[in-house]
Amino acid sequence: MDWTALWLSFRLAGLTVLALLPIGLLLGRWLAFGEMRGRSVIEALILLPLVLPPTVLGYYLLVAFGAASPLGQAWQSVAGQPLAFSFEGLLLASILFNLPFAVQPTQRGFETVGADLRDAAACSGLSAWQSFLRVELPLAWPGVLTASVLCFAHTLGEFGIVLMVGGAIPGETKTIAIAIYDRVQAFDDAAAGRMAAVLLVLSLATIALTLALSRHLGRRRA
Amino acid sequence: MTLRTIPTKPLSLILAVALATGAAPASLEAATVVAAANNLQSVLPELAAAFEESGESELRLVFGASGNLTRQIREGAPFELFLSADQDYVAVLAAEGLTRDEGVDYARGRLVLFVAEGSPLKADGSFDDLAAALGDGRLARFAIANPEHAPYGRAAEEALRHRGLWEAIGPHLVFGENVAQAVQFAASGNADGGLVALSLVLAPQVAARGQYVPVPGDWYTPLDQRMVLLAGAGAEAEAFYDFLKTPEAAAIFARHGFDTAGAAP
Chain A
54 MDWTALWLSF
64 RLAGLTVLAL
74 LPIGLLLGRW
84 LAFGEMRGRS
94 VIEALILLPL
104 VLPPTVLGYY
114 LLVAFGAASP
124 LGQAWQSVAG
134 QPLAFSFEGL
144 LLASILFNLP
154 FAVQPTQRGF
164 ETVGADLRDA
174 AACSGLSAWQ
184 SFLRVELPLA
194 WPGVLTASVL
204 CFAHTLGEFG
214 IVLMVGGAIP
224 GETKTIAIAI
234 YDRVQAFDDA
244 AAGRMAAVLL
254 VLSLATIALT
264 LALSRHLGRR
274 RA
Chain B
11 MTLRTIPTKP
21 LSLILAVALA
31 TGAAPASLEA
41 ATVVAAANNL
51 QSVLPELAAA
61 FEESGESELR
71 LVFGASGNLT
81 RQIREGAPFE
91 LFLSADQDYV
101 AVLAAEGLTR
111 DEGVDYARGR
121 LVLFVAEGSP
131 LKADGSFDDL
141 AAALGDGRLA
151 RFAIANPEHA
161 PYGRAAEEAL
171 RHRGLWEAIG
181 PHLVFGENVA
191 QAVQFAASGN
201 ADGGLVALSL
211 VLAPQVAARG
221 QYVPVPGDWY
231 TPLDQRMVLL
241 AGAGAEAEAF
251 YDFLKTPEAA
261 AIFARHGFDT
271 AGAAP
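From first to last, the protein sequence lines are chains A and B.
Using the working numbering, the first residue of the first sequence is number 54, and each one after it goes up by one.
Using the working numbering, the first residue of the second sequence is number 11, and each one after it goes up by one.
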């Protein structure tokens, strides 16, 4: 059992959720309430990672992280090390490919808050910020929770992009999914089987916990 | 609301499109399928073309990591000839009775140090500059194939151990899933250099991106690559198997950076 890889995957998943929480809230709320032109284009852009093969995203990221790209050079001069094959690079990739999973459920959550309800909050003298905290967020909360769990689980399961931009460095970019693949490649079925079983149980537990939580929340509101 | 908040509408739309446009794959029945290690990607199409000139045959080439191909053969993949990147995988299949015989070595690969244009490293076959770069902090990332399962990764580890650099270079290593990916890491400049297969470095699009020097042959176990006819091999697979042992094939192998027993000295 490669505990280093498992811990790395959990750290990556946790940090991805933390980074995407404010982004999801901002974008989700904006898309739910805002009236803007070109909204389909924006929504399509956010959904894109869902349909693109990991190889496409992986290819673009590899080029963008490279020593020849502006992003790669800027990172090198700030952090003093290349972005490719680093945990930070992996986190950035993870944030990008989880964008649809963070935004969509949050947006659906905010859409359940009707315009009349927000008008009522404004009439009661709540400021926009108070209205967000005390009216919108509690109603949209199940969507936000769903988004977080999906992002977490999806990061644990991501393989293709990590394989392309990671470089399988233990403790840095070798996630549990890569560790399992390496064991399979080395014909070490026993180790691969153990790790796969652990991941299966953990993923199942995560999803079951969320379902239970969101049902509990729903019941409390009713 | 529960998990149903995932965007079902776009998903079902995509699914519908996928179902509507999904055509049946072309039949493999007619052609002889040859499974080959990734490091043969540049040489094998040329060998197949030379072979096909002499007859009306048609070969289908499937490339992959030798370990993956071995697994697929075990699961009944319809391959007739298997060209491995080492000898061990062929031995595994032979022991399980999935091959016609023990097979034969068809080529010997060579390990080179590749350094991309603009890298702080020098292409120095003695690894002296590599050792110096480790000392003065010039080296950021160095690419090899994964030694856990890739033959060229194992050879790279042996060479680095032989030179006494394995411990020091450890924190700088990035691992390609196979040797072709290690080349890609090094050639793109994302790694400062790498220990990779000569056959892949000779490809024009890689050769143009940097310099390479051979690693001394006695620093690593020879990379003998073995091929074997599989249990279901037909006449055409047999003919190609024999062709690969001819001097004509040896000359093509040599042009692509392989040594062969049959090649002229």
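Hints were generated in silico from the structure; no laboratory data involved.
Computed from a prediction, not measured in an experiment: that's the story for all the values here.
Be a bit skeptical, because a hint or two may be false.
[As the list claims (entries may be wrong)] One-sided excerpt, in silico: chain A residues whose CB lies under 7 Å from chain B:
#1 Gly119
#2 Ala120
#3 Pro135
#4 Ala137
#5 Phe140
#6 Leu209
#7 Gly213
#8 Leu216
#9 Gly220
#10 Asp235
#11 Gln238
#12 Ala239
A virtual CB, placed ideally from N, CA and C, is assigned to each residue, including glycine.
(request) Output the numbers, in ascending order, of every earlier hint that fails for this structure. (result) 5, 6 and 7
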